[in-house]
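Just so it is clear: in the sequence shown, position 116 is 116 by this note's numbering, and no numbers are missing.
Just so you know, the hints here were simulated from the structure itself, not pulled from any lab data.
The structure displayed is predicted, hence computed values, not measured ones.
All C-beta atoms, glycine included, are put in the ideal place defined by N, C-alpha and C.
Treat the hints with care, as some may be off.
[To be verified] When the alpha-carbon atoms are kept at most 20 Å apart in a straight line, the in silico SDA-like pairs for lysine to any residue are as follows:
#1 Lys101 x Gly36
#2 Lys61 x Gly36
#3 Lys113 x Gln97
#4 Lys113 x Tyr144
#5 Lys6 x Tyr70
[Said to hold, decoys possible] Okay, the calculated beta carbon distance ranges per label pair:
#6 Asp27 x Gly122: 32 to 42 Å
#7 Lys112 x Glu78: 19 to 29 Å
#8 Lys113 x Glu16: 33 to 43 Å
#9 Tyr144 x Gly55: 13 to 23 Å
#10 Asp27 x Ala132: 35 to 45 Å
#11 Asp63 x Thr10: 15 to 25 Å
#12 Glu137 x Lys12: 12 to 22 Å
#13 Pro89 x Gly55: 31 to 41 Å
#14 Glu127 x Tyr88: 35 to 45 Å
#15 Ala152 x Arg92: 37 to 47 Å
#16 Glu127 x Glu28: 38 to 48 Å
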Amino acid sequence: MFLKNKYMCTIKINLEGGDIQFDVSNDEQLFSFRSGLAFIAIPQFFSTLTSFYQGNTNEVKIDCHGNYDYYIFSSDGEYILIEHKSHYPIERIFNYQFSLKGYMEAIDQGFKKYLEQLENEGIFPLENHAFADPLGEDVLNAFYNFSSLLKA
1 MFLKNKYMCT IKINLEGGDI QFDVSNDEQL FSFRSGLAFI AIPQFFSTLT SFYQGNTNEV
61 KIDCHGNYDY YIFSSDGEYI LIEHKSHYPI ERIFNYQFSL KGYMEAIDQG FKKYLEQLEN
121 EGIFPLENHA FADPLGEDVL NAFYNFSSLL KA
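Please put together the full structure from these sequences, using the hints given.
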């Protein structure tokens, strides 16, 4: 097994502006997935992880909405490799490697905790869903479909 480390995940979503940040860490590394347009980025992110888990694809490029960064996610079914090309303040490339299942479980737990926190604060579920809502129906369906894979 690649890592014995415990994975942790925190989720931040700007509900008004739509920016997101998913941080996944273990004892060795911290990877931050950041993007604008949460209503597009989150379903794409969950769809990518689902495709890796199901073995339907082995590489996906995700552009960050709101800046020129991008991520290349690849997987052999056991590990997830992430290349992050950053353009600010200078162009740099960062590489990460996680256990695919450990990474997915951390994201699943982090997103559930985030939704629970919003529910405790009386923010979730949202009363009125706008088209580009960061926690709209498309986003939640993408998460629930992703999460259901881990229970099987």
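Cross-check of the supplied hints:
no.: 1; hint: Lys101 x Gly36; verdict: 26 Å, violated
no.: 2; hint: Lys61 x Gly36; verdict: 16 Å, holds
no.: 3; hint: Lys113 x Gln97; verdict: 24 Å, violated
no.: 4; hint: Lys113 x Tyr144; verdict: 14 Å, holds
no.: 5; hint: Lys6 x Tyr70; verdict: 26 Å, violated
no.: 6; hint: Asp27 x Gly122: 32 to 42 Å; verdict: 36 Å, holds
no.: 7; hint: Lys112 x Glu78: 19 to 29 Å; verdict: 24 Å, holds
no.: 8; hint: Lys113 x Glu16: 33 to 43 Å; verdict: 21 Å, violated
no.: 9; hint: Tyr144 x Gly55: 13 to 23 Å; verdict: 21 Å, holds
no.: 10; hint: Asp27 x Ala132: 35 to 45 Å; verdict: 37 Å, holds
no.: 11; hint: Asp63 x Thr10: 15 to 25 Å; verdict: 23 Å, holds
no.: 12; hint: Glu137 x Lys12: 12 to 22 Å; verdict: 21 Å, holds
no.: 13; hint: Pro89 x Gly55: 31 to 41 Å; verdict: 38 Å, holds
no.: 14; hint: Glu127 x Tyr88: 35 to 45 Å; verdict: 36 Å, holds
no.: 15; hint: Ala152 x Arg92: 37 to 47 Å; verdict: 38 Å, holds
no.: 16; hint: Glu127 x Glu28: 38 to 48 Å; verdict: 42 Å, holds
In this structure, the hints that do not hold are numbers 1, 3, 5 and 8, in rising order.
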